[in-house]
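Participant: These protein sequences, in sequence, are chains A and B. Heads up: take any position in the first sequence, counting from 1, add 5, and you land on the working numbering. Heads up: take any position in the second sequence, counting from 1, add 582, and you land on the working numbering.
Honestly, the hints are just simulated from the structure, not real lab data. Honestly, I wouldn't trust all of these hints.
One side only, chain B facing chain A, incomplete, derived with CB under 10 Å [to be verified]:
hint	residue
1	T596
2	Q599
3	H601
4	D612
5	L626
6	F628
7	H629
8	G632
9	V634
10	L636
11	H637
12	F642
13	V648
14	H650
15	D651
Listed next, the in silico SDA-like pairs over lysine to any residue satisfying Cα-Cα at most 25 Å (straight line) [said to hold, decoys possible]:
hint	chain 1	residue 1	chain 2	residue 2
16	B	K683	B	D651
17	B	K644	A	R32
18	B	K620	A	A17
19	A	K62	B	S659
20	B	K644	A	G129
Quick list of simulated restraints, FRET-style, between CB atoms [to be verified]:
hint	chain 1	residue 1	chain 2	residue 2	range
21	B	K695	A	F70	14 to 24 Å
22	A	Q140	B	R617	35 to 45 Å
23	A	K62	B	S696	15 to 25 Å
24	B	N603	A	C22	18 to 28 Å
25	A	Q140	B	S588	37 to 47 Å
26	A	F132	B	N603	15 to 25 Å
27	B	Q675	A	F51	24 to 34 Å
28	B	K695	A	E126	43 to 53 Å
29	B	K644	A	K62	12 to 22 Å
C-beta: ideal position from N, C-alpha, C; glycine also.
For reference, the chains in residue letters:
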Amino acid sequence: MYYLTKILPQVADTNMCGHVDCLAFARWCDRARAALYEELFPGFRFLPHGLVVVNVKTDYLRETFLDDRIEVRTWTSRIGEKSFELTQEVWRTRDDDPTPARCSVSVSVFCAIDFNVHKSEPLGERFREILRKYQWDPEESRS
Amino acid sequence: MYYTSSLSPQVADTDMQGHVNFLAYSNWFDRVRIRIYKEFSPDLNFHDHGIVVLHTETTFIKEVYVHHDVEIRTWVSMIGRSSFEVTQELWQQGERCAVGKTIFCAFDFTIHKSEPIRPNFRDALEKYSYDPTA
Numbered sequence: 006m007y008y009l010t011k012i013l014p015q016v017a018d019t020n021m022c023g024h025v026d027c028l029a030f031a032r033w034c035d036r037a038r039a040a041l042y043e044e045l046f047p048g049f050r051f052l053p054h055g056l057v058v059v060n061v062k063t064d065y066l067r068e069t070f071l072d073d074r075i076e077v078r079t080w081t082s083r084i085g086e087k088s089f090e091l092t093q094e095v096w097r098t099r100d101d102d103p104t105p106a107r108c109s110v111s112v113s114v115f116c117a118i119d120f121n122v123h124k125s126e127p128l129g130e131r132f133r134e135i136l137r138k139y140q141w142d143p144e145e146s147r148s
Numbered sequence: 583m584y585y586t587s588s589l590s591p592q593v594a595d596t597d598m599q600g601h602v603n604f605l606a607y608s609n610w611f612d613r614v615r616i617r618i619y620k621e622f623s624p625d626l627n628f629h630d631h632g633i634v635v636l637h638t639e640t641t642f643i644k645e646v647y648v649h650h651d652v653e654i655r656t657w658v659s660m661i662g663r664s665s666f667e668v669t670q671e672l673w674q675q676g677e678r679c680a681v682g683k684t685i686f687c688a689f690d691f692t693i694h695k696s697e698p699i700r701p702n703f704r705d706a707l708e709k710y711s712y713d714p715t716a
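Put together the whole structure using the sequences plus the hints.
Facilitator: And the structure:
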């Protein structure tokens, strides 16, 4: 199952076009990741061994506005030896439409890094085991 | 042809890992794309007609640090009927650190539908077209 983070948009998330700027989606996903990591690795500061992002792909499906209520759904979609993939979806609900609507899908690949030498290293079995808590395949849930 | 922009990172761009946080790259890419947004509308009026972001992809190659300016190269890598793609490279100290691709589509907000790219904007996009493999 996915990890859920609720977010209320703020004025600084909006832009002059009247909706939430696409850059805010990335900030919300970052906040959701921080909350997820705090749950999975409480108190861990990711230094000197930490994570770096290698690639992020995002599809923007719907706009969202200041008074929408936002949910970020985060799950591990792949766990490899040296890298793992997180999928994050931003969903909105609103007073006049309580059915959640999906606004974006992001897939991010992270790898473990030793910041002492700035080189990547294997994730390690302990880390991978913890990540499995929120490993999820939405297709399996639907079938 | 691509255009080049120079930017100075700031301390607020960094995170506790000691490098520039990758969210800052998207910020910078957007900041220098304003030149293309102004080709669409010189006074950045996107009220009825605008360009919406459909898709982004960023690949992170090398960490970026606050100590030195960065150079961003921006060009148009694809022009379709209503959508187009902007590619941007982030360079620091002569090394390519990240590549971002953003796909936009021209949108009519009055009817909530995409629309064809207008001729004068298409001309502007062609001005910034570049093929690094050529």
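Participant: None of the hints should be skipped; say for each whether it holds.
Facilitator: Hint check results:
Hint status for B/T596 relative to chain A: violated, with the closest Cβ pair at about 13 Å, above 10 Å. The interface hint given for B/Q599 holds, since its Cβ lies 6 Å from the closest Cβ of chain A, which is under the 10 Å cut-off. The restraint placing B/H601 at the interface with chain A holds, with a minimum CB-CB distance near 8 Å, inside the 10 Å limit. With a least beta-carbon distance of about 6 Å to chain A, the hint placing B/D612 at the interface is held under the 10 Å criterion.
For B/L626, the shortest C-beta to C-beta distance to chain A is roughly 7 Å, which falls under 10 Å, so the interface hint holds. Because the beta carbon of B/F628 sits about 5 Å from the nearest beta carbon in chain A, less than 10 Å, this interface hint is met. Residue-level restraint check for B/H629 holds (minimum Cβ-Cβ distance to chain A is 8 Å; threshold 10 Å). Given hint, B/G632 at the interface with chain A, holds; its Cβ is 6 Å from that chain's nearest Cβ, closer than 10 Å.
Look at B/V634: its Cβ gets to within about 7 Å of chain A, closer than 10 Å, so that hint holds up. With its C-beta approaching chain A no nearer than about 6 Å, B/L636 sits inside the 10 Å limit, and its interface hint holds. Residue-level restraint check for B/H637 holds (minimum Cβ-Cβ distance to chain A is 5 Å; threshold 10 Å). Look at B/F642: its Cβ gets to within about 5 Å of chain A, closer than 10 Å, so that hint holds up.
Residue-level restraint check for B/V648 is violated (minimum Cβ-Cβ distance to chain A is 16 Å; threshold 10 Å). Violation of the interface hint for B/H650 is found here, the shortest Cβ-Cβ separation to chain A being roughly 16 Å, above the 10 Å cut-off. The beta carbon of B/D651 is not positioned within 10 Å of any beta carbon in chain A (closest approach about 21 Å), and the interface hint is therefore violated. Proposed proximity of B/K683 and B/D651 is supported: the alpha carbons are some 21 Å apart, at most 25 Å.
Under the criterion of a C-alpha separation no larger than 25 Å, the hint pairing B/K644 with A/R32 is consistent with the structure, at around 21 Å. A hinted pair counts as satisfied when its Cα atoms are at most 25 Å apart, and B/K620 with A/A17 qualifies at roughly 22 Å. For the given pair, A/K62 sits about 17 Å from B/S659 by alpha-carbon distance, which is consistent with the 25 Å threshold. Straight-line distance between C-alpha atoms of B/K644 and A/G129 comes to about 23 Å, which keeps the hinted pair within the 25 Å bound.
For B/K695 and A/F70, the Cβ-Cβ distance of about 19 Å falls inside the hinted range of 14 to 24 Å, so the restraint holds. The supplied range of 35 to 45 Å is met by A/Q140 and B/R617, whose beta-carbon atoms lie about 43 Å from each other. Distance hint check: the CB atoms of A/K62 and B/S696 are about 21 Å apart, consistent with the given range 15 to 25 Å. A hinted range of 18 to 28 Å holds for the C-beta pair B/N603 and A/C22, which are about 25 Å apart.
Against the hinted window of 37 to 47 Å, the Cβ-Cβ separation of A/Q140 and B/S588 comes to about 43 Å, which satisfies the hint. For the pair A/F132 and B/N603, the supplied restraint of 15 to 25 Å holds, since their beta-carbon distance comes to about 21 Å. Checked against the hint of 24 to 34 Å, the pair B/Q675 and A/F51 passes, with Cβ atoms roughly 25 Å apart. Distance hint check for B/K695 and A/E126: the Cβ-Cβ separation is about 49 Å, which falls inside the suggested range of 43 to 53 Å.
Evaluation of the 12 to 22 Å hint for B/K644 and A/K62 yields a pass: the beta carbon distance comes to about 19 Å.
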